[in-house]
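Listed here are the chains, written in short residue letters.
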Amino acid sequence: MHAIVGTIPREQFPLIPGEVGLMDNELCIGGNRVPVNRGTPALLAAAIKAGELLGLPAPYGYVVGDIGHGDGSRRLYEYLTLHLPQSDFESITLHYLLPDVNWHNRVLAKLDEAVRRPRLIADAGFMYAAKMSGKSLQYDLFTPDIGELAFLADEEAPHPFYTRGFILHEESRVPDLISRAYAHNNAARHLLVKGEKDYIANEKGIQAIIDQPVEEAMEVIGGTGDTLTGIVTALIDTGMEIIEAASVAARANRLAGYYAKPNAATQVIEIVNHIPKALEEVLGENERGAPWEELSQGESA
Amino acid sequence: MAFFDVFKRRHAETSAGGAPGDRGLLIFENTSEVIRAERVLKARGWEIRVMGPPPEIRSGCDLVIEIPLIEELNILRSLQEAGVLPKDVVPVTSPLLKPVDLFKVKELDRYLMVRAANMKLTVDKETKTIVNVSGGGCPDVPYLAQEMVGKTLMEAPSPREIGHTLCGYALQLAYKEATRRCTQ
Chain E
1 MHAIVGTIPR EQFPLIPGEV GLMDNELCIG GNRVPVNRGT PALLAAAIKA
51 GELLGLPAPY GYVVGDIGHG DGSRRLYEYL TLHLPQSDFE SITLHYLLPD
101 VNWHNRVLAK LDEAVRRPRL IADAGFMYAA KMSGKSLQYD LFTPDIGELA
151 FLADEEAPHP FYTRGFILHE ESRVPDLISR AYAHNNAARH LLVKGEKDYI
201 ANEKGIQAII DQPVEEAMEV IGGTGDTLTG IVTALIDTGM EIIEAASVAA
251 RANRLAGYYA KPNAATQVIE IVNHIPKALE EVLGENERGA PWEELSQGES
301 A
Chain V
302 MAFFDVFKRR HAETSAGGAP GDRGLLIFEN TSEVIRAERV LKARGWEIRV
352 MGPPPEIRSG CDLVIEIPLI EELNILRSLQ EAGVLPKDVV PVTSPLLKPV
402 DLFKVKELDR YLMVRAANMK LTVDKETKTI VNVSGGGCPD VPYLAQEMVG
452 KTLMEAPSPR EIGHTLCGYA LQLAYKEATR RCTQ
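Protein chains in written order, with the numbering used here: chain E, 1 to 301; chain V, 302 to 485.
Just chain E, with the same shape it has in the complex (with noise of 0.2 Å):
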């Protein structure tokens, strides 16, 4: 089973651990339903629809009500050092929340006392944090964007918004950044890159590029990072190797994209419907050979 903790964008939500559910485009957690549109919402209902079609329970979900003041993070962050203690996770997805370096510590010290220690899988506000413990490593996946991979490759900045300016955000250079972020030991042990193209890394460097199909629509709609980040949690939850599993679900996410004709305002629960279909064609590619080695031929890795 796995974890997903983050915020809702409601200041009065209240904090929720539990199952989560998705009926008629909203989730459902402890009586509450909730709106899909990005964010944390945006990757439980990926994971969900993910998990439907892989044969997996529903995602235990800690969420907490936050519009940025941080109290809702802060009451998360206890809670989970409370908590985490007796649990037993195959993996724990941490997501949106307020970074905040001396309680992301307690939380990771408290997972080492876990009934078994889970893959960790951090995306937006929980990764900031991780980067700037200095903890990265201890991570088996993070998944920035380009702009947060910039600031991971930045040994100096504390938040993507500290980027120095010599670290250009550019695609081009996104080979060069993944070796800076190993460098400096500010990358998980896997990366996925999400992007024009999505690259799959570790710290023997690029393992696999996902370029197909191209929806150019994809880098501005609100929540397709999420939807990535959810759909690779409930593929490593079936214990499928982190490489595989980013790659089948950096190509499920694109073809999900794709089955929903975006335009640059279409919203993510259009895309988050197709998922099931998307999933289910890449893994019968899969099982008849990675469709994306070949794509990626002709790149550097």
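Rather than coming from a laboratory, the hints here were simulated on the basis of the structure.
For each residue, glycine too, the CB sits at the ideal point set by N, CA and C.
Hints are supplied without guarantee of correctness; some may be wrong.
Just so you have them, the derived chain E footprint on chain V, three or more residues with Cβ under 8 Å [said to hold, decoys possible]:
(1) 405-417
(2) 425-438
(3) 446-453
(4) 469-482
Given the structure of chain E, go ahead and fit chain V onto it with the hints provided.
Below, chain V without anything else, positioned relative to chain E:
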């Protein structure tokens, strides 16, 4: 608005002048208080700037206000009158971080996307409607998107007014740049 003037002065070594030893840092509980205090101090004519904190006092999503230390008491009095006192005042002992000041702009048919740091804002150029907000990792991003998407640039609340984090600041930069480009 004043915070974002920092970006216009990207070539200035120190906007308020003086050696580091003359400078102090106002440290607040959260970034919302920083922006309130900044408004108060700018409105009263103080030469201050909003910056990233030095490593020894960073917690993750921070801004601090750099002030001339010699004016500390007067500045604190102004802030006390406005009800937004800092939790601490410390001298500047190491270089401060400058925020990102680069934009990436992309046109997609009738839409314009502006990226600042890790935040992207996309606008329908014909209707001036904000159609998407993406990127970011702080918890006000989904909230900002919820409040802004579907509204025109003129109708939507600015991230400066309802955002609370560095991602909110970055979105403000993208919003400001998109507004400038769409109203030229």
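**Report entry** Violating hint indices (sorted, rising)
**Finding:** none
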